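Protein sequence lines, in the order shown, are assigned to chains Y and W.
Numbers 1 to 308, taken from the working numbering, label the letters of the first sequence in order.
Numbers 1 to 466, taken from the working numbering, label the letters of the second sequence in order.
Mimicking DSS-like on lysine-lysine, the simulated pairs with C-alpha atoms at most 30 Å apart in a straight line are:
(1) Y:140 to W:237
(2) Y:164 to W:237
(3) W:71 to Y:113
(4) W:162 to W:180
(5) W:110 to W:45
(6) W:424 to W:454
(7) W:368 to W:162
(8) W:237 to W:306
(9) Y:34 to W:439
(10) W:287 to W:162
(11) W:53 to W:368
(12) W:323 to Y:34
(13) Y:140 to W:417
(14) W:118 to W:323
(15) W:417 to Y:164
(16) W:237 to W:176
(17) W:295 to W:162
(18) W:71 to W:45
(19) W:323 to W:110
(20) W:180 to W:150
(21) W:424 to Y:164
(22) W:176 to Y:140
(23) W:237 to Y:113
(24) Y:300 to Y:215
(25) W:306 to W:162
(26) W:439 to W:454
(27) W:454 to Y:34
(28) Y:140 to Y:113
(29) Y:34 to W:71
(30) Y:88 to Y:215
(31) W:53 to W:118
(32) W:45 to W:112
(33) W:417 to Y:113
(34) Y:113 to W:180
(35) W:53 to W:287
(36) W:110 to Y:34
(37) Y:140 to W:180
Some but not every residue of chain W turned toward chain Y, in silico, with C-beta under 7 Å:
(38) 73
(39) 95
(40) 98
For the record, the hints were derived by calculation from the structure and aren't laboratory data.
This one's a predicted model, so the numbers in the text were calculated from it and none came from an experiment.
All residues carry an ideal CB built from backbone N, CA and C; glycine is no exception.
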Amino acid sequence: MGFLLPNFLGFLLFTAGPVIFTFGAAFTNWDLQKLEPFRFTGLENFITLFGESQFWLYLVNTLYFLLGMPMAIMGSLFAAVLLNQKLKGIVVYRTLLYLPSVTSGVAVMIMWKALYNPDFGPVNAIMESVVHALGFAHFKGPAWLQSTQNVLSLGIEHVGIDPKQWGLGAREAIIFMGIWAAVGGGNMLLYLAALGNVPKELTEAAELDGAKPWKVFWSVTWPQLAPTTFFIIVMSFIGGLQGGFEQARVMTNGGPGGTTTTLSYYIYNKAFTEYQMGYASAVSLVLFAIILGVTAMNWKFGNQEVSY
Amino acid sequence: MKTFFGGFLALLVMLTLLAWRMIPPPEGGTRITLTWVTDENPVRKQQVALFNKLNPDLYLVIDPGNNDQSKVIVQSLAGVGPDIFDSWGPASLEAFVRSGIAWDVTDQLKSKGVNIPKIIWPVGLQSCVFQDRVYGAPCNVNGDAIWFNKDMFDEANIPYPKSGWTWDQFIQTAQKFTVKDPSGRVTRFGVYMDWNAWEPVVRNFGGSLYSAQGTRCTLDTPMAIEGLTLMHDLMYKYNVTPNPVQESALATVGGWGSGGITYLGGRRVAMAPGGRWWLNLLRTQQKESIARGEKPLRLGVVEFPKARVQTSGGGARCALINKNSPRREAALRFLEYLAGDDYNNLLNDVADAIAPVQRLCYTDHFLKNPAYPAEDYNEIWRSAADHSTPGGYTPFARGTDLAAITQQTDLVKSNLKSPALAAKVATEEVNRRIQIKIKRTPVLAELYQAALAKESQNASKLGAAR
Numbered sequence: 001m002g003f004l005l006p007n008f009l010g011f012l013l014f015t016a017g018p019v020i021f022t023f024g025a026a027f028t029n030w031d032l033q034k035l036e037p038f039r040f041t042g043l044e045n046f047i048t049l050f051g052e053s054q055f056w057l058y059l060v061n062t063l064y065f066l067l068g069m070p071m072a073i074m075g076s077l078f079a080a081v082l083l084n085q086k087l088k089g090i091v092v093y094r095t096l097l098y099l100p101s102v103t104s105g106v107a108v109m110i111m112w113k114a115l116y117n118p119d120f121g122p123v124n125a126i127m128e129s130v131v132h133a134l135g136f137a138h139f140k141g142p143a144w145l146q147s148t149q150n151v152l153s154l155g156i157e158h159v160g161i162d163p164k165q166w167g168l169g170a171r172e173a174i175i176f177m178g179i180w181a182a183v184g185g186g187n188m189l190l191y192l193a194a195l196g197n198v199p200k201e202l203t204e205a206a207e208l209d210g211a212k213p214w215k216v217f218w219s220v221t222w223p224q225l226a227p228t229t230f231f232i233i234v235m236s237f238i239g240g241l242q243g244g245f246e247q248a249r250v251m252t253n254g255g256p257g258g259t260t261t262t263l264s265y266y267i268y269n270k271a272f273t274e275y276q277m278g279y280a281s282a283v284s285l286v287l288f289a290i291i292l293g294v295t296a297m298n299w300k301f302g303n304q305e306v307s308y
Numbered sequence: 001m002k003t004f005f006g007g008f009l010a011l012l013v014m015l016t017l018l019a020w021r022m023i024p025p026p027e028g029g030t031r032i033t034l035t036w037v038t039d040e041n042p043v044r045k046q047q048v049a050l051f052n053k054l055n056p057d058l059y060l061v062i063d064p065g066n067n068d069q070s071k072v073i074v075q076s077l078a079g080v081g082p083d084i085f086d087s088w089g090p091a092s093l094e095a096f097v098r099s100g101i102a103w104d105v106t107d108q109l110k111s112k113g114v115n116i117p118k119i120i121w122p123v124g125l126q127s128c129v130f131q132d133r134v135y136g137a138p139c140n141v142n143g144d145a146i147w148f149n150k151d152m153f154d155e156a157n158i159p160y161p162k163s164g165w166t167w168d169q170f171i172q173t174a175q176k177f178t179v180k181d182p183s184g185r186v187t188r189f190g191v192y193m194d195w196n197a198w199e200p201v202v203r204n205f206g207g208s209l210y211s212a213q214g215t216r217c218t219l220d221t222p223m224a225i226e227g228l229t230l231m232h233d234l235m236y237k238y239n240v241t242p243n244p245v246q247e248s249a250l251a252t253v254g255g256w257g258s259g260g261i262t263y264l265g266g267r268r269v270a271m272a273p274g275g276r277w278w279l280n281l282l283r284t285q286q287k288e289s290i291a292r293g294e295k296p297l298r299l300g301v302v303e304f305p306k307a308r309v310q311t312s313g314g315g316a317r318c319a320l321i322n323k324n325s326p327r328r329e330a331a332l333r334f335l336e337y338l339a340g341d342d343y344n345n346l347l348n349d350v351a352d353a354i355a356p357v358q359r360l361c362y363t364d365h366f367l368k369n370p371a372y373p374a375e376d377y378n379e380i381w382r383s384a385a386d387h388s389t390p391g392g393y394t395p396f397a398r399g400t401d402l403a404a405i406t407q408q409t410d411l412v413k414s415n416l417k418s419p420a421l422a423a424k425v426a427t428e429e430v431n432r433r434i435q436i437k438i439k440r441t442p443v444l445a446e447l448y449q450a451a452l453a454k455e456s457q458n459a460s461k462l463g464a465a466r
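Just chain Y, with the same shape it has in the complex (with noise of 0.2 Å):
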C-alpha cells in the first residue's frame, strides 16, 4: 500500500480530480474573460452544442480519421509476421520499423509536409511520374494538405455529400501518414509477442496434416491472436477518437476551411483560444460519452469473436 500511495495520489490528484471537475464544469457558463459571475446552466452548452453544424462536421473529420485503421492494424500484422521471421540482422530490421515511434511527432509530421507539397514533394513527383508513363499525360497530383478533397465526397460546411469535393486531400495525407507511422509501432510490438505465444505444436500439427502456410497462419495462428486484436482494435478506437491534435497543430491550423479539425482539436480552440472552458468542457465530456460507447459496443460484439 505505502508504495502505492505516491501513484495512486497522484492519479486522485492529476486524473481523477480534473475528469470530475470536467463533468461539473461542463454544465457551468465558465469562461476565463469573466463577463458575468460563474453560474450552473443545466444543460445549456449541451444544446448549444449539439446545435451547431461545426461539431457534427468535426465529429465526421474524427470518424473519417478512423478510415485508417483497418489499415493500420493489417500493416503492424504483416509487418510483426515478417519480423518474427528467423531471418540474419533481424534486429536491426525490427529497429527501422520501429523508428518512427521514437521520433519526435512533430519533426515527422514537418518532414510529412514538405513530402506532401504539391510541386515539389516527391509524393507528387513519384505519382506524377507513374501516372504520366500509363499514358495520362495531364495528370496532376492531388494539392493534398491544400485540399479538402475527400475519397468519401463529403462537402465541407455541411454533414453531406458534395460530389465535387471527390479526391485526395488534407484528411487522406494524414490519414496515409498515420498508417505510416502506425504499421511499425507498439501494435507491431503487441502482434510480435503475440506471435512468439502462439504455441509451436498447434502449427506443427497443422503442417503435419498437411496444411499450407497461408492455411495455417488463417485457421491456427490467427485464432490465436485473438485476443491481441481485439485489444488493439479497441485501443486504436479510443486513440482514434482522441487524435487529430497534433496533425491539425503543426500540418494544417485545422484547414483547409476545417476539415482537418477533429473533436480534440476543437476542444483545444474552445479552451485555449476563445478561454470557453465550460463550453469546451462539455465536448469534452460528449467525446468521452462516444468513446465509451464505441469501446462498450467493442467489448460487447467484438468480445464474441475471441477465443481465449
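Chain Y is fixed; fit chain W onto it per the hints.
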C-alpha cells in the same frame, strides 16, 4: 525488495537535493528579476540591456517560450505568470482584462506624469486602452507599407512606384515581375501578398469587418467584397502572388521572420507589404552580403495603393503588467521606460517598427540616420503609421467570430468559394453568433444595446451633417 525500493527512493531524494544545490544563482544577482513574455525579435536584447543599464536595481529577462495568449492567461491565473506580457490588439487586450490579469495602470502612470493616450500614435491606442482605462504602454507601433527591391526595378527598367498609386497600377507593376517557366509554372512572383492582409485591403476599399461599435459583421457589403475579391484575384486571376499551393513550394524553413521577408530578401518576389520591423532581418542580410563581397540588397518603400481610403494594416504591441505579480510596482518602471526618450530613440535606431511616442519620430535623426544612409524612406513609415488602422473587432461574439470568418476566408484563399458568397456566409454566421451570445449573457446584452444606441446616434449626426 523493500530495501531495493527504499534505497532507490533515497537515491532519488539525494539526486533532487543535489540538483537543487546546483541551481545557478539568478543572473541579476540581488536585483529584482522581472520576466517579460514577448517574441524573440533579435533586437529585443538591446532593448532589455538598455533597461537593465538604466535601472540598476532591476533585472529584466525575456521569456519567448511562453509567448502565447492562452499560456499567459492560464499561468497568470494559476499564480505562475510573468510580470510583463504583450497585448497585440483590442481582442487580445480585452481577453487579458476580462480574465482579470491585466493591471489597470491609469492612475499609476498619471501620477508619474505619463499620459499614454496623448503621446502615442492613435493606431496603438486599442492595444493598451480599454473602456477609457490604460492597461499598458506600446512597445512599438507599425503601419504597413509596400517594400520593393530597387535592383529588380532597375534591372527591369521599371520606375519605382510612388505614393498615391492605385491597385490597377500595383497589379500592372506586379505582372511585369511575374515570371513563368515553359511549363507555365510561376518561378518568380511580382508580389508576396500575405493572405492575412485581406482585412486591411477590405478597409482600403472602404469596407470593414464590423460596424463601428462591433454590433454586427459587415463583411458582406459591396465595398468589403470588392477588397476580398481583389485579394482572391491577385492569386487566381492575375497570378501575381502565390496561392497556398504555390506558397508551400516557396516555403522557407520557418522561424522568426520567415515568409515575406525571406522571399523579398531572396529576390523571389519584387514587392511585399510589410512593416519597418522587417529591417531587423533585412539589415542583417545586407551586412552578410557586404561581408561576402556582394552588393547589398537595395530597398525602397511606398505606401499601400489606394482604392477609396488611404490605409493599410497597423497596430501596436503593448506591454501589460500582470495584476497578480508581486513585482508589479517594479514592473511599472518598465512602462515608464517604454514611454521615455531613451527607449524610443533606440527603437527607431534598431528599426523595431517605429517609436510609439509620436514626437520622437519627427526628428531629423529618424528621417536620416547616418548609420543607415540608404534608408531614405522613413517618412513613408511615419505616413503609413498615420494612415494605418487596426483590425476590426467585436466584443459581442466573445471570440467565436474568428473561427467562422477564417473558415470562409480559407475557402476563398483556396479558390473553393467566391469572395461574395464566403463574405455572405461568414457575415450571417458571425451575426448569428453575436445574437446567441447576447441572448445568453445579460451583461453583454446591456453593452450591446448601448453600442447600438451609440451607432444610431452617430448615424443621425452624420445624416444631419450631410
